[in-house]
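Spelled out from the first residue to the last, the chains are:
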Amino acid sequence: MATVIPRIDVGDNYKEKYGFFDPEKFVFKAKRGLNADVVKEISWMKTEPEWMTKFRLRSLQTFEKKEMPTWGADLSKIDFQNIYYYLKSTEKQGKTWDDVPADIKNTFDRLGVPQAERKFLAGVAAQYESEVVYHSLHKELEAKGVIFLDTDSALKQHPDLFKQYFGTVIPPADNKLAALNSAVWSGGSFIYVPKGVKVEIPLQAYFRINAENMGQFERTLIICDEDSFVHYIEGCTAPIYTTDSLHSAVVEIIVKRGARCRYTTVQNWSTNVYNLVTKRAVAYGDATMEWVDGNLGSQITMKYPSIYLMEPGAKGDVLSVAFAGKGQHQDAGGKAVHVAPNTSSNIVSKSISKAGGRTSYRGLVKVYPGAKNSKSFVRCDALLLDDESRSDTYPTTEVDEPQVRIGHEATVSKVSDEQLFYLQSRGITKAEAETMIVNGFIEPFTKELPIEYAVELNRLIQLEMIGSVG
Amino acid sequence: MALNEVTTGKNMGTVPDFEIKDLRVSVEGREILKGVSLSVNKGEVHAVMGPNGSGKSTLSHTLMGHPNYKVLGGQVFFKGKDILTLQPEQRAKLGMFLALQYPVVVPGITMSNFLRTAINAKRGFDGKDKSKSISVKDFRALLKSEMAVLRMDDSFLSRYVNEGFSGGEKKRAEILQMAVLKPEIAILDETDSGLDIDSIKFVSDAVNKMRGPELGVLIITHYTRVLKFIKPDYVHVLVNGEFVRSGGPELADWLEAKGYSEWVKEPAKAPAALEAK
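Chains as they are written, first to last, in the working numbering: chain U, 1 to 470; chain Z, 1 to 277.
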């Protein structure tokens, strides 16, 4: 029998569930704005090796030289000098929740992070503003050589491994926001899974912005050694402020021969956050990379998880969902770059727009000469809930190898009167019927999530849908 | 017009359980129902028959509150209320049910989820008071017995609502919904269309099992075929938006022989080509 997604309480909203804020406390807060001194100060605070300080300063120069991308969402309102680039809330990182300052622990309690950790996670990282304030990993995994650390600690504890991979998948010059992250990065997760080790239970990181005008620039690096497996999940929320905050992460993933990595995101930033993230993975022989990417919140999101299929047999999947409500623009998609023969990619994007919200699918499939017998399939489905909302598709396909199979399908649909009438005639209210239709629409996404997250996502959709009928 | 004043003869002088009074309806600016009156009591089965374009589907959709059908005049009384101003879900909660001629696909929602949500809605569960929601055990027990009558297996519950269903599966699914929602007034809109003979039998068995003093049924059909399985107490002929004749079950036999030729050039009998399917 099928799983019945439980009905959940309605009536609460983002503000009380996630949008609360704590009084701002910090042990160190960088001056507002961005310049070489701020960057040096961050590096000094973190007592970093010289190469990293130099890397940051070079990246700052790159950032200053590069133009803002103008091909996507409207980023012209971002004022980089009005943002705080570094805020450290507590002196030390907790290994138990009791070590975490009470007010911060309280925040994560309200967000359900410790509860989730007890129930179904093998390791948890909790980042508050710029620094990771809590970290844990099951002992058995530690014994098997799995490394799961915040990225700052990894730089100190595993300098060689770190230096070998850091910045190799996404160099600072990749784009302006990647350069910015490279200059001011702080926190994020570092994961190394040794050869043949399968991490069967997910690892999770939770990113929380609390302060106003804050910039969060976590940096995540995941290395899956040969024949290993890991599933990493990230969640993100922030309080609702009238001024803008910026979240600009860089995520680099290396999936070696025969390994598999799944990276799941449920992004639910408040609608004052610019979410501009660069995510890229390289997959080697017979390796599999899966991006499962859910975007509900934020004012503007620009995010296109990418997979470079480097050796024969590599496989990449991008499955994404975007929900844009009033005043939101979700510009999301995926990229698959086929470098080697017999590689395959599958990009499925589902978007929902309501109350004037805008979603865009932006994607790239590129096949290099010689990548024979490669296969790629892209499918974008958009659901519009009313006439004022908007959805666009910008697919790009560049194929320089004749012997390939490339497919693309796109659909745009509306919630139909017939569907609503049908459900209503069974006693279901119009609002509830719309929610059901939306949850059904994203079901191909939801079913890929661990059940706890699927329930949470359905609940979030329900919250987003409240007030959409009227 | 005398023919439009249809009374059932039963419960004369008392208020009928479900009463349509001089209903006039337009679709896209065109008047389709031109003053229809009909009374249905619980315990009765009425068949509304008519040729294509006579207004049968307009009647069923209007009774359930489809937004595209505009009521120009008249009332429909059920449980002391004129239901015409109610939303479809309010009509459902009051005890009405419509089995659609063309059930709608709802991708990604399992039958199980759908049925459970509908049952809970009817029980007044608003997501908060758990005591009002049906327990997993009761839900399963309820489905098990009803699905057995309709010859449906468990795998059906994990399929998405009407997605990839055959004609017969769709209609059986409609009747399953009726069985678990236990309406007091059920409208079956062309439930026999697109059905093979086995499905007609299972569907009819299920409806006949539900017949009783607590249920009034309105069967809307073009062909007399289904009435061989579900015997109506009354038959009404709808032509061009008006009832032109009413009678007992013998009227169906008469239509079987004569068709609607008295009013339009069209046979009432299912053409052989359709039956062969």
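Just to be clear, a hint being listed does not mean it is correct.
[To be verified] Partial list, derived from the structure: chain U residues whose beta carbon lies under 10 Å from chain Z:
1. T271
2. G285
3. P395
4. E398
5. V412
6. F421
7. S425
8. K430
9. A433
10. N439
11. F441
12. E443
13. T446
14. L449
15. P450
16. Q462
[What the hints assert, rightly or not] The following residues of chain U were derived to be distant from chain Z, with all beta-carbon distances above 10 Å:
17. N13
18. I78
19. Q93
20. H138
21. K326
22. Q403
23. L423
Quick caveat, the hints were computed from the structure, so don't treat them as lab data.
Don't be surprised by glycine CBs; every beta carbon is placed ideally from N, CA and C.
Going through the hints against the structure:
For U:T271, the shortest C-beta to C-beta distance to chain Z is roughly 24 Å, which exceeds 10 Å, and the interface hint is violated. Residue-level restraint check for U:G285 is violated (minimum Cβ-Cβ distance to chain Z is 35 Å; threshold 10 Å). For the restraint placing U:P395 at the interface with chain Z, the shortest Cβ-Cβ distance is roughly 22 Å, beyond the 10 Å limit, so the hint is violated. At a threshold of 10 Å, the smallest CB-CB gap from U:E398 to chain Z is about 32 Å, leaving the interface hint violated.
At about 14 Å, the closest approach between the beta carbon of U:V412 and any beta carbon in chain Z exceeds 10 Å, and the interface hint on this residue is violated. Because the closest C-beta pair between U:F421 and chain Z is about 5 Å apart, less than 10 Å, the hint holds. For U:S425, the shortest C-beta to C-beta distance to chain Z is roughly 5 Å, which falls under 10 Å, so the interface hint holds. At its closest, the beta carbon of U:K430 sits 7 Å from a beta carbon of chain Z; the interface hint therefore holds under the 10 Å criterion.
Checking U:A433 against chain Z by beta carbon gives a least distance of about 8 Å; that is within 10 Å, so the hint holds. Residue-level restraint check for U:N439 holds (minimum Cβ-Cβ distance to chain Z is 7 Å; threshold 10 Å). Because the beta carbon of U:F441 sits about 6 Å from the nearest beta carbon in chain Z, less than 10 Å, this interface hint is met. Evaluation of the U:E443 hint against chain Z yields a held restraint, the C-beta minimum of about 3 Å falling below 10 Å.
For U:T446, the interface hint holds, the least distance from its beta-carbon to any beta-carbon of chain Z being 8 Å, beneath 10 Å. Taken as an interface hint, U:L449 does not check out: its beta carbon lies about 14 Å from the nearest beta carbon of chain Z, beyond 10 Å. Look at U:P450: its Cβ only gets to about 18 Å from chain Z, farther than 10 Å, so that hint breaks. The interface hint given for U:Q462 holds, since its Cβ lies 9 Å from the closest Cβ of chain Z, which is under the 10 Å cut-off.
Residue-level check passed: U:N13 sits 14 Å from the nearest beta carbon of chain Z, beyond 10 Å. Non-interface status of U:I78 relative to chain Z is upheld: no Cβ of that chain comes within 10 Å, the nearest being about 36 Å off. For U:Q93, the non-interface assignment is confirmed: its Cβ lies about 39 Å from the closest Cβ of chain Z, beyond the 10 Å cut-off. At roughly 32 Å, the least C-beta separation between U:H138 and chain Z is larger than 10 Å, which holds for a residue marked as non-interface.
At roughly 24 Å, the least C-beta separation between U:K326 and chain Z is larger than 10 Å, which holds for a residue marked as non-interface. Every Cβ of chain Z is farther than 10 Å from the Cβ of U:Q403; the closest lies at roughly 34 Å, confirming the non-interface assignment. Taking the minimum C-beta to C-beta distance to chain Z, about 7 Å, the non-interface status of U:L423 is violated against the 10 Å cut.
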